[in-house]
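The lines below spell out each chain.
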Amino acid sequence: MSAPFPVAPVLKDRAATLEWCRAYLDHRCMFRSPPGPALLTSFGGGRARWQLYMPVATLDQEFMRRICLLFWNKYLPLYRKRPFQLCGVESGGVPIVCMLQAAAFVSGVTVNAFEVKKAQKTYGLLNWLEGVVLPDRPVILIDDVVGAGLTLRTQAKRLQSFGLELQGAWVIIAGNPSFPPPRKLKLAHGESAVDTLLTPDDIAWTHEAYVQKYKRQPQFIGVTR
Amino acid sequence: MILGYQRRQELWEWCRNYIDTEAIYRVDETHPMLPGKNPKGRYTFQFYLRRASFNPQFAHNIGLLFWDHFAEIYRNQIFQICTPEPSGPPIGAAIQATAIKLGIKLNVFSARREAKAYGLDNWFNGKVLPGVPVMMVEDIAASAPFMLRAAVRVQQKLGLPLHRNYFTLVNKVGGYFKKENQHTENYLDGQLIALFTFNNFSKNAEDFTFRHGHKQNWTGLVV
Chain A
1 MSAPFPVAPV
11 LKDRAATLEW
21 CRAYLDHRCM
31 FRSPPGPALL
41 TSFGGGRARW
51 QLYMPVATLD
61 QEFMRRICLL
71 FWNKYLPLYR
81 KRPFQLCGVE
91 SGGVPIVCML
101 QAAAFVSGVT
111 VNAFEVKKAQ
121 KTYGLLNWLE
131 GVVLPDRPVI
141 LIDDVVGAGL
151 TLRTQAKRLQ
161 SFGLELQGAW
171 VIIAGNPSFP
181 PPRKLKLAHG
191 ESAVDTLLTP
201 DDIAWTHEAY
211 VQKYKRQPQF
221 IGVTR
Chain R
1 MILGYQRRQE
11 LWEWCRNYID
21 TEAIYRVDET
31 HPMLPGKNPK
41 GRYTFQFYLR
51 RASFNPQFAH
61 NIGLLFWDHF
71 AEIYRNQIFQ
81 ICTPEPSGPP
91 IGAAIQATAI
101 KLGIKLNVFS
111 ARREAKAYGL
121 DNWFNGKVLP
131 GVPVMMVEDI
141 AASAPFMLRA
151 AVRVQQKLGL
161 PLHRNYFTLV
171 NKVGGYFKKE
181 NQHTENYLDG
191 QLIALFTFNN
201 FSKNAEDFTF
211 RHGHKQNWTG
221 LVV
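Chains A and R, in that order, give the protein sequences. Taking my numbering, I'd label the letters of the first sequence as residues 1 to 225. Taking my numbering, I'd label the letters of the second sequence as residues 1 to 223.
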């Protein structure tokens with residue numbers, strides 16, 4: 001049997017667990033274009049020199065086991081004071097909420113979760129939300145990465161327009177060095193910073209920065225097709 | 001097999017009942033017809049299986065039922081799982097979470113419906129293990145060929161062999177589906193393992209009321 005999944009045991013070494021996750025992202029999940037023409041296309045239509053591929057991490061068993069420990073180490077006491085539900089932002093947040101929920105469940109804590117879609121369904125119930133949504137329970141929005149925060153703000157507004165109370169937002173990494181944290185989110189009773197485990201300073205974003213930091217060439221382990 | 005007969009039946013029945021009561025929309029006098037994918041089409045029922053796969057008890061049970069069937073097979077030949085987005089990943093996560101508990105190392109990656117529009121223009125998310133057979137895992141085997149298309153891309157774009165099994169929660173056969181709309185025959189390059197068919201569920205609102213003794217009434221906010 002491997003290391004247990006339950007979250008109830010106290011996280012023994014938070015700093016070491018966080019560092020393991022940081023290193024996993026830095027060494028394995030960043031595609032960095034080597035010197036020369038940029039190999040990636042950007043969201044805006046131009047060229048890009050790097051791209052963080054979070055699913056390489058969020059679909060990895062060991063990475064997510066550690067992320068669950070880190071998350072519940074902080075949020076389980078809050079949950080026990082006032083139960084909340086998790087909302088995964090399509091598509092990056094979905095595997096995360098599923099694993100967070102599973103880790104809590106095997107520890108005897110049943111946490112409701114659902115998903116908010118990028119676009120409204122075009123048939124059937126024309127729904128924005130997938131899953132069972134508890135109308136009276138506060139929501140924590142979950143995503144893998146936050147850039148400028150536009151997606152989180154849009155989805156936060158959407159949930160609030162459905163009458164849901166937003167308690168906050170949590171992401172694994174603030175992942176764009178152009179937008180230093182904290183990213184703010186409007187809640188019913190004022191603003192709240194998006195809670196992030198890692199910041200842009202934790203990653204060497206470019207090929208050059210990686211080589212300078214680690215004295216070796218970066219390797220991307222994700223699927224490139 | 002990791003479950004005894006009685007436990008397996010309990011978990012299966014719990015999941016069957018959960019889908020029947022919480023994850024199928026059925027038309028009745030208070031639930032109008034649903035607009036279909038085809039603009040002229042109307043649905044009298046629809047599966048909403050993420051109402052089930054986001055339920056932690058359901059996900060836990062599914063993980064156990066999956067490994068009850070596949071743990072021995074995995075021990076003989078490891079495989080990896082590809083989950084077509086958007087509905088496959090919660091099932092993949094359920095299987096992966098149970099695998100952690102059982103001490104099974106399992107790689108999961110997801111297949112996009114279209115290539116990413118920036119970055120590497122990739123069709124897949126995650127990482128793949130070279131040479132390791134890929135099992136396709138989805139919530140439902142239905143008329144839309146998303147799982148089959150993803151399976152073809154796994155072979156063509158990734159050069160990976162398919163596992164002989166596909167796995168879904170529901171195979172949309174049985175009930176009043178016409179023969180030509182029954183999809184088992186689409187998976188003849190392998191064997192589809194599904195936990196349920198439509199015969200396991202109430203066929204309409206009237207049948208539901210007869211079976212359960214009350215009208216269907218979904219939990220929670222539907223928006």
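Take these hints with a grain of salt, some might be off.
Unchecked claim - Computed cross-link-like contacts, SDA-like style, restricted to lysine to any residue with a CA-CA straight-line distance of at most 25 Å:
{"#": "1", "chain 1": "R", "residue 1": "Lys105", "chain 2": "A", "residue 2": "Ala148"}
{"#": "2", "chain 1": "R", "residue 1": "Lys105", "chain 2": "A", "residue 2": "Gly92"}
{"#": "3", "chain 1": "A", "residue 1": "Lys117", "chain 2": "R", "residue 2": "Lys105"}
{"#": "4", "chain 1": "A", "residue 1": "Lys121", "chain 2": "R", "residue 2": "Lys105"}
{"#": "5", "chain 1": "R", "residue 1": "Lys40", "chain 2": "A", "residue 2": "Leu18"}
{"#": "6", "chain 1": "R", "residue 1": "Lys37", "chain 2": "A", "residue 2": "Asn127"}
{"#": "7", "chain 1": "A", "residue 1": "Lys117", "chain 2": "R", "residue 2": "His214"}
{"#": "8", "chain 1": "A", "residue 1": "Lys117", "chain 2": "R", "residue 2": "Lys101"}
{"#": "9", "chain 1": "R", "residue 1": "Lys101", "chain 2": "A", "residue 2": "Lys118"}
{"#": "10", "chain 1": "A", "residue 1": "Lys121", "chain 2": "R", "residue 2": "Ala115"}
{"#": "11", "chain 1": "A", "residue 1": "Lys117", "chain 2": "R", "residue 2": "Lys203"}
{"#": "12", "chain 1": "R", "residue 1": "Lys116", "chain 2": "A", "residue 2": "Ala148"}
{"#": "13", "chain 1": "A", "residue 1": "Lys118", "chain 2": "R", "residue 2": "Leu221"}
{"#": "14", "chain 1": "R", "residue 1": "Lys116", "chain 2": "A", "residue 2": "Ser91"}
{"#": "15", "chain 1": "A", "residue 1": "Lys121", "chain 2": "A", "residue 2": "Asp136"}
{"#": "16", "chain 1": "A", "residue 1": "Lys121", "chain 2": "R", "residue 2": "Val27"}
{"#": "17", "chain 1": "R", "residue 1": "Lys105", "chain 2": "A", "residue 2": "Gly44"}
{"#": "18", "chain 1": "R", "residue 1": "Lys203", "chain 2": "R", "residue 2": "Lys101"}
{"#": "19", "chain 1": "R", "residue 1": "Lys116", "chain 2": "A", "residue 2": "Asp136"}
Keep in mind that the hints were calculated from the coordinates and are not lab data. Here the structure is a predicted model, which is why all the values come from computation and not from measurement.
Tested hints:
no. : hint                : verdict
1   : R/Lys105 / A/Ala148 : violated, 35 Å
2   : R/Lys105 / A/Gly92  : holds, 22 Å
3   : A/Lys117 / R/Lys105 : violated, 30 Å
4   : A/Lys121 / R/Lys105 : violated, 35 Å
5   : R/Lys40 / A/Leu18   : violated, 53 Å
6   : R/Lys37 / A/Asn127  : holds, 14 Å
7   : A/Lys117 / R/His214 : violated, 31 Å
8   : A/Lys117 / R/Lys101 : violated, 30 Å
9   : R/Lys101 / A/Lys118 : violated, 32 Å
10  : A/Lys121 / R/Ala115 : holds, 20 Å
11  : A/Lys117 / R/Lys203 : violated, 28 Å
12  : R/Lys116 / A/Ala148 : holds, 20 Å
13  : A/Lys118 / R/Leu221 : holds, 18 Å
14  : R/Lys116 / A/Ser91  : holds, 12 Å
15  : A/Lys121 / A/Asp136 : holds, 24 Å
16  : A/Lys121 / R/Val27  : holds, 18 Å
17  : R/Lys105 / A/Gly44  : violated, 38 Å
18  : R/Lys203 / R/Lys101 : violated, 36 Å
19  : R/Lys116 / A/Asp136 : violated, 36 Å
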